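There are 2 protein chains.
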Amino acid sequence: MKIALDAMGGDFGPSVTVRGAIEAAPHIQGEILLVGKEDAIQSHLPSNPPANVRIVHAPNEIEMGEEPANAVRRKKDSSLVVAAKMVKTGEADAFVSAGNTGAVTAAAHLFWKCAPSISRPAIATILPSRRERFVLIDSGATPDASVRNLLEFAVMGTAYAEAVLGIEQPKVALLNIGEEPSKGNALTKEAYKAFSAYLPNFAGNIEGKALFHGGADVVVCDAFVGNVLLKTAEGLGSFVMEMFKESVPKNPILRLPLLLLRKGLEDMKRKMDYAEIGGAPLLGVNGICFICHGHSDEKAIRNALLNAHRGYVRHLTDLIEQKACTLKGAVNA
Amino acid sequence: MKIALDAMGGDFGPSVTVRGAIEAAPHIQGEILLVGKEDAIQSHLPSNPPANVRIVHAPNEIEMGEEPANAVRRKKDSSLVVAAKMVKTGEADAFVSAGNTGAVTAAAHLFWKCAPSISRPAIATILPSRRERFVLIDSGATPDASVRNLLEFAVMGTAYAEAVLGIEQPKVALLNIGEEPSKGNALTKEAYKAFSAYLPNFAGNIEGKALFHGGADVVVCDAFVGNVLLKTAEGLGSFVMEMFKESVPKNPILRLPLLLLRKGLEDMKRKMDYAEIGGAPLLGVNGICFICHGHSDEKAIRNALLNAHRGYVRHLTDLIEQKACTLKGAVNA
Numbered sequence: 000m001k002i003a004l005d006a007m008g009g010d011f012g013p014s015v016t017v018r019g020a021i022e023a024a025p026h027i028q029g030e031i032l033l034v035g036k037e038d039a040i041q042s043h044l045p046s047n048p049p050a051n052v053r054i055v056h057a058p059n060e061i062e063m064g065e066e067p068a069n070a071v072r073r074k075k076d077s078s079l080v081v082a083a084k085m086v087k088t089g090e091a092d093a094f095v096s097a098g099n100t101g102a103v104t105a106a107a108h109l110f111w112k113c114a115p116s117i118s119r120p121a122i123a124t125i126l127p128s129r130r131e132r133f134v135l136i137d138s139g140a141t142p143d144a145s146v147r148n149l150l151e152f153a154v155m156g157t158a159y160a161e162a163v164l165g166i167e168q169p170k171v172a173l174l175n176i177g178e179e180p181s182k183g184n185a186l187t188k189e190a191y192k193a194f195s196a197y198l199p200n201f202a203g204n205i206e207g208k209a210l211f212h213g214g215a216d217v218v219v220c221d222a223f224v225g226n227v228l229l230k231t232a233e234g235l236g237s238f239v240m241e242m243f244k245e246s247v248p249k250n251p252i253l254r255l256p257l258l259l260l261r262k263g264l265e266d267m268k269r270k271m272d273y274a275e276i277g278g279a280p281l282l283g284v285n286g287i288c289f290i291c292h293g294h295s296d297e298k299a300i301r302n303a304l305l306n307a308h309r310g311y312v313r314h315l316t317d318l319i320e321q322k323a324c325t326l327k328g329a330v331n332a
Numbered sequence: 000m001k002i003a004l005d006a007m008g009g010d011f012g013p014s015v016t017v018r019g020a021i022e023a024a025p026h027i028q029g030e031i032l033l034v035g036k037e038d039a040i041q042s043h044l045p046s047n048p049p050a051n052v053r054i055v056h057a058p059n060e061i062e063m064g065e066e067p068a069n070a071v072r073r074k075k076d077s078s079l080v081v082a083a084k085m086v087k088t089g090e091a092d093a094f095v096s097a098g099n100t101g102a103v104t105a106a107a108h109l110f111w112k113c114a115p116s117i118s119r120p121a122i123a124t125i126l127p128s129r130r131e132r133f134v135l136i137d138s139g140a141t142p143d144a145s146v147r148n149l150l151e152f153a154v155m156g157t158a159y160a161e162a163v164l165g166i167e168q169p170k171v172a173l174l175n176i177g178e179e180p181s182k183g184n185a186l187t188k189e190a191y192k193a194f195s196a197y198l199p200n201f202a203g204n205i206e207g208k209a210l211f212h213g214g215a216d217v218v219v220c221d222a223f224v225g226n227v228l229l230k231t232a233e234g235l236g237s238f239v240m241e242m243f244k245e246s247v248p249k250n251p252i253l254r255l256p257l258l259l260l261r262k263g264l265e266d267m268k269r270k271m272d273y274a275e276i277g278g279a280p281l282l283g284v285n286g287i288c289f290i291c292h293g294h295s296d297e298k299a300i301r302n303a304l305l306n307a308h309r310g311y312v313r314h315l316t317d318l319i320e321q322k323a324c325t326l327k328g329a330v331n332a
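Just so you know, the sequences run in chain order B and D. Take the first sequence: its position 314, counted from the start at 1, is 313 in numbering that gives the first Met the number 0, and no numbers get skipped. Take the second sequence: its position 254, counted from the start at 1, is 253 in numbering that gives the first Met the number 0, and no numbers get skipped.
Source of the hints: derived by calculation from the structure; they are not laboratory data. Warning: the hint list may mix true and false statements.
[Said to hold, decoys possible] In the EDC-like style, the derived pairs of lysine to aspartate or glutamate whose C-alpha atoms are separated by at most 16 Å in a straight line are:
1) D:Lys182 to B:Glu241
2) B:Lys192 to B:Glu178
3) B:Lys208 to D:Glu241
4) D:Lys244 to B:Glu265
5) B:Lys1 to B:Glu90
6) D:Lys182 to B:Glu66
7) B:Lys188 to D:Glu179
8) B:Lys182 to D:Glu241
9) D:Lys208 to B:Glu66
10) D:Lys188 to D:Glu178
11) D:Lys182 to B:Asp143
12) B:Lys112 to B:Glu241
13) D:Lys208 to B:Glu233
14) B:Lys244 to D:Glu265
15) D:Lys182 to D:Glu161
16) D:Lys188 to B:Asp143
17) B:Lys36 to B:Asp76
18) B:Lys182 to D:Glu66
19) B:Lys182 to D:Glu65
20) B:Lys208 to D:Glu233
What you are looking at is a predicted structure, and each value in this text was computed from that prediction instead of being measured.
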């Protein structure tokens, strides 16, 4: 198998992506294709790179701030577009990028299209919980979702949890503003009924306060709600850390006891660390795609490459299509 | 002026509400009416209660778990319904309750109706930020909101920030999944245009990560998104605290240095404490209504009573109607 890595993607470009690829290479049965400016990539490769790492030249780049759909249509020679197209033509089996999230989504959706039984793609984000972790889907691809879309997100998240995270019989919950079936907005009230009818692993509604306590393995919502949730959690986390830093004594001697907490705080930080998780899969498209945070370090890139490898080996795309077939009777509401 | 306090509301009933009323009484130019079971209230009153605190008997109660609309229609002799109706009949000027949030909202909306220029009510929650605090509106009343509703929430939140929080020229932002005007779902894309046209204090979109950094004074969203956001923040907060507790050394001697951090942690807790804030106003209805958290202690009740008093004295309801009149041209989208 071959993974096309957008080597120019992310805030640090090839200085980080190339190292991530070199760290992942020994664990991958197949090849990693570093797509991007040959010179720039070459300058970060060691003199004796792993045999299964190869450069594919692409002279252009899509910037973080560019309007996604336009950039993808216009910059046909960018590393992001070239890497995505390699999956379409069969030159690669998976696509990994830490570039412009909207552009990665647009490219995979535009060039690969959705799987036959899927109408819209979704981004799954893996978050920590008291019971290890859970999948939040959709966190970025489809902000105006229908009931049918949410049903698809549920089976896509289930397939991912089983195939890549190794969770047996994952519990699916619907993110809502109350636990009772009658709670919610028009969308979630209807979705509750459809989930009950079509998803054998549906465990009911879940409220925001129960998410991090491990109430479910797969939590389903539209991308507007999912994205607000993710970014709020991020913002609140940094707010609390800043308040904590300000609340500890200023005197350096009095701060010494903090050293005792260091190991614990580092464990905690590791648990919250997106780099450990290795990217968010874009699910529902005809191919394996992982989107990494712009700030990704080499570990994040390495882990995303390993996840893409695992997704391919475990037939993630087929599994999603197979599960989505069981939704045939569900109206296209 | 008179404030009708649902003395049976909240997890602790009269044992907390009565003390809250006694603490607030000296600061209120008017009367606090303790609505509920006479015996139960009497047993918590001191032998010599403040002259401006009086019991209004109501023999029944609405429980926390009851279906709101039904309970309000059926239990006409409950403390919550009796207190809400006193505002309708003019026997009271404001209504405060720590009871069933849905029932408080339903009662105020059903009996008082919306202000003439307002189509739907909204709950405003006050949250801490790096720049003191901000108003999140709607956090619970209208989960399926139209563009028109969001416009109304914006002026209601602005009026509250000015009249009760004393913020001059509050900045309004639209909660969204990107800063650019083109970002969002169908609702927020349309809302952005309407906000730009009708709100002179509109400062653009705000993302979840900027909320707690004081990016805006009034943040507008529908109640589905607002409620998910609030509960996620609550759940994440307790998750982080539990992880923190587990991360500190188990040995009691090694834990001693933590005492040095105590003051700082308590300052931080105080900043996050809903009791300091004193309830969330239900805005857009014909009257002053404050909803307190079920866990409210006497300080929370006291502060909600003082906020209700301030809302009345500063003509909050009139101010909302006055500002909402400027939306006349806005379509009822």
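Hint check:
1. D:Lys182 to B:Glu241: 29 Å, violated
2. B:Lys192 to B:Glu178: 14 Å, holds
3. B:Lys208 to D:Glu241: 14 Å, holds
4. D:Lys244 to B:Glu265: The given pair, whose Cα atoms are some 13 Å apart, holds under the 16 Å limit.
5. B:Lys1 to B:Glu90: Status holds; Cα separation ~8 Å.
6. D:Lys182 to B:Glu66: 10 Å, holds
7. B:Lys188 to D:Glu179: At roughly 31 Å apart (the allowed maximum being 16 Å), D:Glu179 and B:Lys188 break the hint.
8. B:Lys182 to D:Glu241: 29 Å, violated
9. D:Lys208 to B:Glu66: 21 Å, violated
10. D:Lys188 to D:Glu178: 11 Å, holds
11. D:Lys182 to B:Asp143: 12 Å, holds
12. B:Lys112 to B:Glu241: Violated, because 43 Å separates the two Cα atoms, which is more than 16 Å.
13. D:Lys208 to B:Glu233: 6 Å, holds
14. B:Lys244 to D:Glu265: Holds, at about 13 Å.
15. D:Lys182 to D:Glu161: 29 Å, violated
16. D:Lys188 to B:Asp143: 11 Å, holds
17. B:Lys36 to B:Asp76: Roughly 10 Å between the alpha carbons, so the hint for B:Lys36 and B:Asp76 holds.
18. B:Lys182 to D:Glu66: 10 Å, holds
19. B:Lys182 to D:Glu65: Distance of about 13 Å is within 16 Å: holds.
20. B:Lys208 to D:Glu233: 6 Å, holds
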